[in-house]
Amino acid sequence: MTLLDFARGPAMQWALIIFLAGATFRLTGILLFGRKKPLSPARGNARLEGYKTIVSRFMPNAVFHRRIGTVHIMSLAWHMGFIFVVLFFQPHIVFFEGLLGLSWPGVANSIVMPVAGITLVLLALAFLRRINHPVLKLLSGAGDFATIIVTALPLVTGMLASAHLVLKYETMLALHLLSISLFLVWVPFSKLMHVVLFLPSRKRLGEKLGYKGVKA
Amino acid sequence: MSDRMSLGERLKLHGISRRALLKYCACTASMMAMPPGMVSAAAANLEKLKRPSVIWLSFQECTGCTESLTRSASPSIESLIFDTVSLDYHHTLQAASGTAAEAAREAAMEESYGEYILIVDGSIPTGNPGYSTIAGIDNLSMLKDVARGAAAIISVGTCAAFGGLPMADPNPTGAVSVADALPDRSIINVPGCPPIGDVITGVLVQILAFGDIPELDHLGRPMAFYGQNIHDRCYRRPFYERGLFAESFDDEGARKGWCLYKLGCKGPVTYNACAVTKWNGGVSFPIQAGHGCIGCSEPRFWDKGGFYQPISQTTFTDRTQLGIAAAAGVAAGVGATLMARSKQKKIRARLAEEESS
Amino acid sequence: MSMDKEMQDSFAMFYGMSQSLKGLVEPVDMEDEERVRKAKQVFLNKANRDTAINLEACVRCGLCAEACQFYIASEDPKYTPIAKLDLMKRVYQRELSPFRWLHRIFTPDITIGDLREFQPKVFDECTMCGRCSMICPMGIDIAEMVHTSREAMVEAGLMPSELDYMCREQDGEGTIFGANEELLNFRLNDLKEKHGVEIFVDKPGSDVMMLTSGLDIHLFTDALLGTIRTLDHLKVNWTLCSHAFEAANFGLLAGSDKTQKHITMRIVDAATEMGVKTVLTPECGHTYPAMRWAAAEISGKPLPFEVMTVSEFFGRQVMEGKLKLKKIPGDKVVTLHDPCKVGRHGGVFDEPRAIIKELGLKLNETESNRELNFCCGGGAGNFLVQSAAPVRKLGFQTKMKEVNKTGAEALLVSCGSCRLNFEAGKLNTGDTIQVDSIAALVGENLPD
Chain B
1 MTLLDFARGP AMQWALIIFL AGATFRLTGI LLFGRKKPLS PARGNARLEG YKTIVSRFMP
61 NAVFHRRIGT VHIMSLAWHM GFIFVVLFFQ PHIVFFEGLL GLSWPGVANS IVMPVAGITL
121 VLLALAFLRR INHPVLKLLS GAGDFATIIV TALPLVTGML ASAHLVLKYE TMLALHLLSI
181 SLFLVWVPFS KLMHVVLFLP SRKRLGEKLG YKGVKA
Chain W
1 MSDRMSLGER LKLHGISRRA LLKYCACTAS MMAMPPGMVS AAAANLEKLK RPSVIWLSFQ
61 ECTGCTESLT RSASPSIESL IFDTVSLDYH HTLQAASGTA AEAAREAAME ESYGEYILIV
121 DGSIPTGNPG YSTIAGIDNL SMLKDVARGA AAIISVGTCA AFGGLPMADP NPTGAVSVAD
181 ALPDRSIINV PGCPPIGDVI TGVLVQILAF GDIPELDHLG RPMAFYGQNI HDRCYRRPFY
241 ERGLFAESFD DEGARKGWCL YKLGCKGPVT YNACAVTKWN GGVSFPIQAG HGCIGCSEPR
301 FWDKGGFYQP ISQTTFTDRT QLGIAAAAGV AAGVGATLMA RSKQKKIRAR LAEEESS
Chain H
1 MSMDKEMQDS FAMFYGMSQS LKGLVEPVDM EDEERVRKAK QVFLNKANRD TAINLEACVR
61 CGLCAEACQF YIASEDPKYT PIAKLDLMKR VYQRELSPFR WLHRIFTPDI TIGDLREFQP
121 KVFDECTMCG RCSMICPMGI DIAEMVHTSR EAMVEAGLMP SELDYMCREQ DGEGTIFGAN
181 EELLNFRLND LKEKHGVEIF VDKPGSDVMM LTSGLDIHLF TDALLGTIRT LDHLKVNWTL
241 CSHAFEAANF GLLAGSDKTQ KHITMRIVDA ATEMGVKTVL TPECGHTYPA MRWAAAEISG
301 KPLPFEVMTV SEFFGRQVME GKLKLKKIPG DKVVTLHDPC KVGRHGGVFD EPRAIIKELG
361 LKLNETESNR ELNFCCGGGA GNFLVQSAAP VRKLGFQTKM KEVNKTGAEA LLVSCGSCRL
421 NFEAGKLNTG DTIQVDSIAA LVGENLPD
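Chains as they are written, first to last, in our numbering: chain B, 1 to 216; chain W, 1 to 357; chain H, 1 to 448.
Isolated chain B (complex conformation) (with noise of 0.2 Å):
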């Protein structure tokens, strides 16, 4: 078995069990704790205000924006650039067909390409900041600057892959599958999960206000 197939196969095998297993296991963990149903009058419609919180909370509010817009414009182009690249590659593309049955149209390599290399270089930086930010130094544990580096594993080799870069092609396309499997099983144990629990953390805050009358 050559490394790619076992990245193809077994290794992806794997690491979509665990993720899939892992990630389950936390979010039901964490939902099933209990929570008292509140028993005054609510002032405001706390349902709406917690969903609208979950896209709200996407930009901030205009009062924050003199201290953290740049940072915030970063790390939203980092997101996107990172979920650009994810879903719009073409062999991404591809690749979800296989595993989900699903495809939607894809974009050139000349587009994908650079918004990659952004995204990369938003990475770094976001690296940089959390080594050099004094918060974020003082928040910093090993699990954050793990975090960063096995986001970065993917787009590095995918990028050298694609571009036919240092190692051969079927070499580093291997390297790029073992680094997405790395990812996929580093989100249930890290705080990778945000990709998901944004969503309830978002809602639950929203709805707490929104009882109360206030926008979150």
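Hints listed in this document are in silico derivations from the structure and should not be mistaken for laboratory results. Treat the hints with caution; some may be incorrect.
[Stated by the list, open to error] Below, simulated DMTMM-like cross-link-like pairs (lysine to aspartate or glutamate); rule was C-alpha separation at most 25 Å, straight line: (1) LYS36/B with GLU402/H; (2) LYS345/W with GLU33/H; (3) LYS345/W with GLU144/H; (4) LYS258/H with GLU353/W; (5) LYS426/H with ASP124/H; (6) LYS346/W with ASP257/H; (7) LYS345/W with ASP50/H; (8) LYS137/B with ASP202/H; (9) LYS215/B with GLU320/H; (10) LYS343/W with GLU95/H; (11) LYS345/W with ASP257/H; (12) LYS346/W with GLU273/H; (13) LYS327/H with ASP232/H; (14) LYS36/B with GLU297/H; (15) LYS343/W with ASP86/H; (16) LYS78/H with ASP144/B; (17) LYS346/W with ASP50/H; (18) LYS52/B with GLU367/H; (19) LYS393/H with GLU365/H; (20) LYS215/B with GLU365/H; (21) LYS277/H with ASP190/H; (22) LYS52/B with ASP50/H; (23) LYS38/H with GLU355/W; (24) LYS261/H with ASP50/H; (25) LYS343/W with ASP114/H; (26) LYS343/W with GLU320/H; (27) LYS168/B with ASP232/W; (28) LYS346/W with ASP350/H; (29) LYS215/B with GLU402/H; (30) LYS36/B with GLU353/W; (31) LYS261/H with ASP232/W; (32) LYS137/B with GLU117/H; (33) LYS52/B with GLU144/H.
[What the hints assert, rightly or not] Computed spacing ranges between beta-carbons, pair by pair: (34) GLY174/W with ILE83/B: 45 to 51 Å; (35) ILE83/B with ASP180/W: 42 to 48 Å; (36) ALA142/B with GLU117/H: 56 to 62 Å; (37) HIS65/B with ASP114/H: 33 to 39 Å; (38) LYS78/H with LEU31/B: 31 to 37 Å; (39) ARG66/B with ASP269/H: 45 to 51 Å; (40) ALA168/W with GLY101/B: 26 to 32 Å.
Yeah, the Cβ is synthetic: ideal placement off N, Cα and C, and Gly gets one too.
Since the structure of chain B is already known, use the hints to place chains W and H on it.
What follows is chains W and H alone, placed relative to chain B:
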């Protein structure tokens, strides 16, 4: 006989000029991406060459490799090369049969011991010696016997080079490649299903002309012919870059000659001369004909998922397993948190007790 | 209106009193292991789905610091809001989270050293204003969990002595700053004599039970007077309850569950017994969420009355056209401070604004207003905590920067402790903006 005449002499006899030989050498050299200076050196060596003895052994194979070799445009200089070597044993091409054929092989082995070239096509069954025999001799024994006196061993075709189709899962005959059957020998692999005729002769010429083993890649394939990635050399590559793909064999994209990646083309992970040398005297090659590369020059190409499965897809497609994994995760999550909540309950009971006391 | 001579004297006295509570009670004596055990019990008891989601969702982006008034003024990372939840997070991770068996390997247990280290982080250095939640991309409710962390400190006997003193006084005498029934009656009679208002105490069959606070009895009598005047003007059938008039709830501020419950139930029981339709909380920020949102949970069933704060009550009358006010002449420009507990944690925004409009004042909003408002700097009882003084100053700076930018002549506020903090802060920084009570303004501008 004229067996010991040099190639140059034999060419003259056939009315082939030195100019034509040089042209052939230039063609082969450019195929192998050799510097121009090498052309005259190759021609000079070939001219001087005495007809070496070649023994061609066919084991678990389909004769496709021989077909490919003989399908090379005729009359051609390549076929003359084969006139030029002394093909002393070849099931399909030799006139003799039975005892006479085997006698020819033994004679050649004895006469040119240590000098003859051994070419093998087909894989060797190790499961049971009776699976494939020639003149009562099992393949492995014959291979070992002939290999002993061979100056060079060339595995032609993917079966000989990597085990090929006979070795494909579940490998009922316990087939192995020549390299696996002869772990102590260095083997030149000329894989493909079949290999391009010009590549088979090209490799042979390279060995004859330079008298040594050509530069090989990590799979024992001559770099001159297998150093190029099909995808890198593919004339449809620009469509890949532009994100233009044929989605089926009869759609607009297929008609327009767009990239066949989504139809499972293995070009990006395949090394062969198809996109450069092409087939049938340079007329076309599979991708040009509208079908994706199946990666036939790569080991275990038969077992790498479907020919029509794109390479970026995982070969693991069992969604039931994923469903089970998710269900198991949910079940474990329920258990874990019920336990955590019972812990909370105990603490609350204790707090209530502490408060009341 | 600025403080008159009488109020200035009262202020000096009250301020002095409020700043000298430190050490009045003995620190709680407890074994270290017991402290850790008790703190953990609180974390484990209070953890629920919301905290689980929130603690698991944090990506450590650090943006919460950028919303914190203390961080903004100092750029000191020690004020980072989410970092205050570290102890709670560790207990949750090790004991309750789905991956607890993994966390037990990598996450250290909490120690007495941790508790002592985090004590100032959750008391002095945080007013639980909740502004951090408004910037958090994950929507983490940090203030609520800081409150839980305060509860853990209280159980571990690590409450600041000033707050401990207040809780014990409320638990024991039921008063704050000694403002008992006697003092209340004195004040009420004083107001009656000087201003001719009608006073109702323990009047059966009342519709509205009004609460007041030691702060208003001692110092901000203008707010008390304004409320009574307006209620009389509106012909509201109101009363005070002689044994449940104190609105302040230091249990809620300090994180003492027992005190909070005790104080809440005294009011709930009295109001239920009297059969009132409405409980009116005074200009005392934290009383509002204590009664409006938490009281029903504490009594375990919906309240048989509704809860409103004065600015909300009067504002609603204005919005419904039932309360007309005299216009204050001179196109006076004012700005409004939304107290965190009434605003972000309460939901009262439009009512005070309606009053300001009705008064003919021009409202220049601070850049951060309504649910994004900055705390006055001294919320959550921090005004009383001596060691919190430097941090309070930072918060006050942040607040005043925005206030001063509005160019307003007066800062309106309907929370006594915010008002107190503004007055005290002004002394420290030399700011001169006039700070007015909304209830007092309403009372002064009732039509003849």
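A quick look at each hint next to the structure:
1. Proposed proximity of LYS36/B and GLU402/H is contradicted: the alpha carbons are some 38 Å apart, above 25 Å.
2. Restraint check for LYS345/W and GLU33/H: the C-alpha separation of about 22 Å stays at or below 25 Å, so the hint holds.
3. Of the supplied pair hints, the one linking LYS345/W and GLU144/H holds, its CA atoms being roughly 21 Å apart against a limit of 25 Å.
4. Distance restraint check for LYS258/H and GLU353/W: the Cα-Cα separation of roughly 14 Å lies within the 25 Å cut-off, and the hinted pair is therefore satisfied.
5. Between LYS426/H and ASP124/H the CA atoms are separated by roughly 20 Å; this keeps the pair inside 25 Å, and the hint holds.
6. Taking the CA atoms of LYS346/W and ASP257/H, the gap is about 19 Å. The hint holds against a cut of 25 Å.
7. For the proposed pair LYS345/W and ASP50/H, the alpha carbon gap of about 17 Å is at most 25 Å, so the pair holds.
8. Under the criterion of a C-alpha separation no larger than 25 Å, the hint pairing LYS137/B with ASP202/H is inconsistent with the structure, at around 58 Å.
9. Straight-line distance between C-alpha atoms of LYS215/B and GLU320/H comes to about 23 Å, which keeps the hinted pair within the 25 Å bound.
10. The straight-line distance between the Cα atoms of LYS343/W and GLU95/H is roughly 9 Å, inside the 25 Å bound, and the hint therefore holds.
11. Simply put, LYS345/W and ASP257/H have alpha-carbon atoms about 18 Å apart, close enough for the 25 Å limit, and the pair holds.
12. Straight-line distance between C-alpha atoms of LYS346/W and GLU273/H comes to about 35 Å, which puts the hinted pair past the 25 Å bound.
13. Between LYS327/H and ASP232/H, the direct Cα distance comes to roughly 20 Å. Compliance with the 25 Å bound is thereby established for this hinted pair.
14. As the CA atoms of LYS36/B and GLU297/H are separated by approximately 9 Å, the hinted pair is consistent with the 25 Å bound.
15. Annotation: proposed proximity of LYS343/W to ASP86/H holds, straight-line Cα distance about 21 Å (limit 25 Å).
16. Between the alpha carbons of LYS78/H and ASP144/B the distance comes to roughly 19 Å, so the proposed pair stays at or under 25 Å and holds.
17. Using a Cα cut-off of 25 Å, the hinted pair LYS346/W and ASP50/H holds, with the two alpha carbons roughly 20 Å apart.
18. Note on LYS52/B and GLU367/H: the hinted pairing holds, with a Cα-Cα distance of about 23 Å set against a maximum of 25 Å.
19. Taken as a hint, the LYS393/H and GLU365/H pair is honoured in the structure, with Cα atoms around 22 Å apart against an allowance of 25 Å.
20. Distance hint between LYS215/B and GLU365/H is fulfilled; the C-alpha atoms sit about 17 Å from each other, no more than 25 Å.
21. The hinted pair formed by LYS277/H and ASP190/H fails the criterion: a straight-line CA distance of about 28 Å is larger than 25 Å.
22. With a CA separation close to 18 Å, the supplied pair LYS52/B and ASP50/H stays within the 25 Å bound.
23. Only pairs whose Cα atoms come within 25 Å are accepted, and LYS38/H paired with GLU355/W is accepted, the gap being roughly 12 Å.
24. Only pairs whose Cα atoms come within 25 Å are accepted, and LYS261/H paired with ASP50/H is accepted, the gap being roughly 22 Å.
25. In summary, the hint linking LYS343/W to ASP114/H is supported, as the alpha carbons are separated by about 23 Å, within the 25 Å threshold.
26. With a CA separation close to 51 Å, the supplied pair LYS343/W and GLU320/H exceeds the 25 Å bound.
27. Only pairs whose Cα atoms come within 25 Å are accepted, and LYS168/B paired with ASP232/W is accepted, the gap being roughly 11 Å.
28. For the hint linking LYS346/W to ASP350/H, the alpha-carbon distance of about 45 Å lies beyond 25 Å, and the restraint is violated.
29. Using a Cα cut-off of 25 Å, the hinted pair LYS215/B and GLU402/H holds, with the two alpha carbons roughly 21 Å apart.
30. Note on LYS36/B and GLU353/W: the hinted pairing holds, with a Cα-Cα distance of about 21 Å set against a maximum of 25 Å.
31. At roughly 75 Å between alpha-carbon atoms, LYS261/H and ASP232/W are farther apart than 25 Å, so this suggested pair is violated.
32. Between LYS137/B and GLU117/H the alpha-carbon distance is near 18 Å, which keeps this suggested pair within the 25 Å criterion.
33. In summary, the hint linking LYS52/B to GLU144/H is supported, as the alpha carbons are separated by about 21 Å, within the 25 Å threshold.
34. Judged by the Cβ atoms, the range 45 to 51 Å given for GLY174/W and ILE83/B holds: they are separated by roughly 49 Å.
35. The hinted window of 42 to 48 Å between ILE83/B and ASP180/W holds, with their beta carbons roughly 46 Å apart.
36. At about 21 Å, the beta-carbon gap between ALA142/B and GLU117/H misses the expected band of 56 to 62 Å.
37. Distance hint for HIS65/B and ASP114/H: a CB-CB separation of about 36 Å, consistent with the stated range 33 to 39 Å.
38. Between LYS78/H and LEU31/B, the C-beta spacing of about 33 Å keeps the proposed range 31 to 37 Å intact.
39. Checked against the given bound of 45 to 51 Å, the beta carbons of ARG66/B and ASP269/H, roughly 49 Å apart, stay inside it.
40. At about 27 Å, the beta-carbon gap between ALA168/W and GLY101/B stays in the expected band of 26 to 32 Å.
Checked against the numbered hints above, the structure breaks hints 1, 8, 12, 21, 26, 28, 31, 36 and satisfies the rest.
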